Amino acid sequence: MCHFWANVWVFFHAYLLLQSAEGVTHSDDVNGLLALQDAWNAYGMLQWSGNDPCGSNWSHIACDNHNPQRVIIISVSGLGLSGTLPDDIGFLTGLQSLDMSHNKLRGQLSSQLGRLVNLVILKLESNEFTGTIPPALGQLRNVQYIYLTDNMLQGPIPHEIGLLRNLYWLDLANNHLQGELPYSSDGKNKLNVGLDNLTTTKHFHFNNNSLEGPIPSSICHQNMQLIHMLFDSNQMSGNIPDAIGDCLNLTVLKIDHNHFSGEIPTTLDRLVNLSELHLTANQLTGVLPDLSNLNKLNILAVGDNQFTPSEIPAWLTSLRSLTDLQMQKTNLLGSIPESLFELPTITAVNLDNNILNGTLDLSTSASSLLTLSLINNRIDSTSLGKFNQELNLQGNPVCNTSALVNSQVCNPDRIVPPISYQTNNSRCSNPCTGNFVPSPLDCSCVVPYKCHFTYRAPYFTTLSDSRHLKVFVDALAKGLNMSDGQIMIPEAFFNSRNQLFITAWLFPSESSHWSPDDIVSISGEAGSIYPSMYGPPMFQADPYDFQWLANARRAGLSTGAKVGIGLGAAILALIIFGVCAFALIQKRQADQAKSLSEPASGGSRKSDSGNAPKLKGARWFSFIELKKATNNFSDSNEIGAGGYGKVYKGELPNKDKVAIKRSNRLSMQGAMEFKNEIELLSRVHHRNLVSLVGFCIDQGEQMLVYEFIENGSLRDALTGVNGIKLDWHRRLLIALGAARGLAYLHELANPPIIHRDVKSSNILLDVNLDAKVADFGLSKLAPDAGKTHVTTQVKGTVGYLDPEYYLTEQLTEKSDVYSYGVVLLELLTSRQPIEFGKYIVREAKHLLDRGGMTAFRTILDTRLQSENTMELQRLLRVAIQCVEECAVNRPTMSEVVKELEEFIAHESGVGSLALSSKTYERELNKNKRRFSDSDWVCSSKDSSCNSSFHYAENATAKKNVL
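Counting from 3, one number per residue, gives the positions in the sequence shown under this note's numbering.
It is worth saying that the hints were derived from the structure and are not from the lab. Source: prediction; values computed, not measured. Please note that a few of the clues may not be correct.
Unchecked claim - Derived pair list, reagent style BS3-like, types lysine-lysine, alpha-carbon separation capped at 25 Å:
1) K659 to K629
2) K480 to K452
3) K659 to K677
4) K659 to K648
5) K657 to K629
6) K677 to K648
7) K630 to K651
8) K106 to K452
9) K651 to K677
10) K677 to K629
11) K657 to K630
12) K677 to K480
13) K629 to K651
14) K452 to K388
15) K452 to K472
16) K629 to K648
17) K630 to K648
18) K659 to K630
19) K651 to K727
Turn these sequences into a full structure, and let the hints guide you.
Encoded structure:
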């Protein structure tokens, strides 16, 4: 108990010292953050106080390393914030990422957002914002991602959006926007700009608004790079322009549920990269043109139009990638060809409300995965054979026969009432008040997180089979690391558009509430978790009620104390309970630390060490040893700091120098998690990786002890901080060394490891200036065999983050490859990834497109200007290949190693490196593809980037980048 009050006293004095200390954060940022907190009335939740957000590690923000420091990231997604977005947001001019999504913020969007000229990511989706989109957003010349979906915004899309020449993703879906699409020559703006100026943009998501007018022909010209055109569910009209065939990169075209008329243009046959074509519910006429050239097409949805009566087109059977065919109410007549069901990937066919007749023959050719709906046709007989999948023949003459009149195929259930066969709380009889409901785990009163999933086109059309929802629950439970008992499905149904809606309540297992960090994590993960038979969802969630947390913090009590004490408890009892709870927690933590802090090999301690890691490659250090090695963790020994804590230089009794990474309290892992990380790191040994020497779990501390690398980081060398000058040949060797280290992690470590935070400051230089990749604190095990990715909350560093990983949260080794490519661009330019508001990847590609190597030399490091152009171009070729937007188009790290080894061997005039490449290749026992000149030509144009990006109507981008 004395220890408890001593901690309170120390904390109180530390707080006073912090308040009086001179801040290192820019004063504008301090004012801006405090104004936001005031506008949201979020004092208890955020606890932003003082005058130094960066130095005091305020929650949900990140800062740069300048002096004074600027806030570059705000991430408050899913915290249930209410209030407005004040004009004071304009103070935060250093912001690069602003994420306020999934809250209850209201009012108009401030025009002061236009002052955030360094902004790369703007995420305001799933709030209650009203008013118009401010034209001032056109000043955000560096912005790449804008998400305003799921609000109540009105008015037109401003022409000024056309000024955003770096924009990659524009999501305005699910609002009340009106007017016609703006384009440069429409005569409605003095700037002569519009959507047709956005030649780098790949995503137009404007669905579910009230937009009017035609699709301007000018937004599909040869310089446009659109991949997704989502204009569905609006009030748009006119003919589909022939020019749409000039959007050659399109993979998803959704213009369904509008008022388009006329014939479908034959130019659609030019969109050879198209995987989804949605034209349903328009007023289209004529006949469906021959689309047999679209051999990548997965979904063809053209139902509910006014086509000329005709038979099922014969060319449909040539679409060998087709999975989903929707041709309901399209005036189809005649018989159904058996060959339609022989397509190798077909899983869903909807031919409702047509004039099809004859015999339905599924006896020999139908896929075992097929779901087929033929409601209201003229089928008079069937030959089903062993077909036992979902089939709906309701409204056909065959259903009047005695054999089928009472069968499931003639009487299927389309809408399922609230789900009762899955996890439920019906056995709980105790009443709960307010937002509390009985938990299906133990009937205690808890507050669940209420999530909503919308699946556009699942590969089944009814919920009569309970296995479909079990697959959903199992996938969600596994992806979120929950038990299926924590997930309840109160509602699931198909709407009139065959979209599947599922509401899932997620229950906490160890408390009555989810914490803010839990909500951020869940909202960041849930939308990217889905079984293949469902397809990617549109994810939304009800704002979570954190009032309990704010109240508890105002009272100065722990959450456990607040929940555990009855409303009528006396103040004295409340304090006693809090003290006891704190003491118990401290005791448990001490016991757990003690059980894990035994020497890793041998030693004289007699207490139980069964849980301590038994390691051959790393030794256990006591806290006293490391305290002595670092001169009592003195400031003079500090060599680095980050969100995890601080790094100190230390010297062991044998004179070996080490780097000691000491976790702070906020970043400390659970004991078992820390143990697992130690065991993993101790198995990683490679000359281009920083080696783990040992670890410390003692006296409540968690520390990792690494070999000390003498010459600092590559970032220090490139900026001249450490006085090291890197010539061309040394830069090549550093690039090769880092590549070898990463290739080892990806392909030779057991289990394979994805680094997740590759950057120049994590590549250290030893006494010989050889590269050693450092800091596996963010590392993640690679996917199991047979899987292509790991779904995870996005972590990493702005400027190095793989855009595909950022948006899909699906982590692969190619995410490290992208970050490595950014490092190569740093080696060539000595610039930081984001400098003076410019993103090095986009600038490099832009210069290469504009003028090749000659243009790129304008940003080349002045110390490399005299180097051979062909050699510079060869390394630049590797860099551009690594930063391809689509992961599938990037090389593996082992391919990079081979290319660099041969390059350096040729440059040096020796063959030793080429020989080592052969040795490495034998070790991998794999065939490696080679870089080619064709790769180089298309690298910055990216015309084939279509196969690996997972489509979602509302991108479920990460919720917390901190």
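Hints that the structure is at odds with (numbers, increasing) = 14
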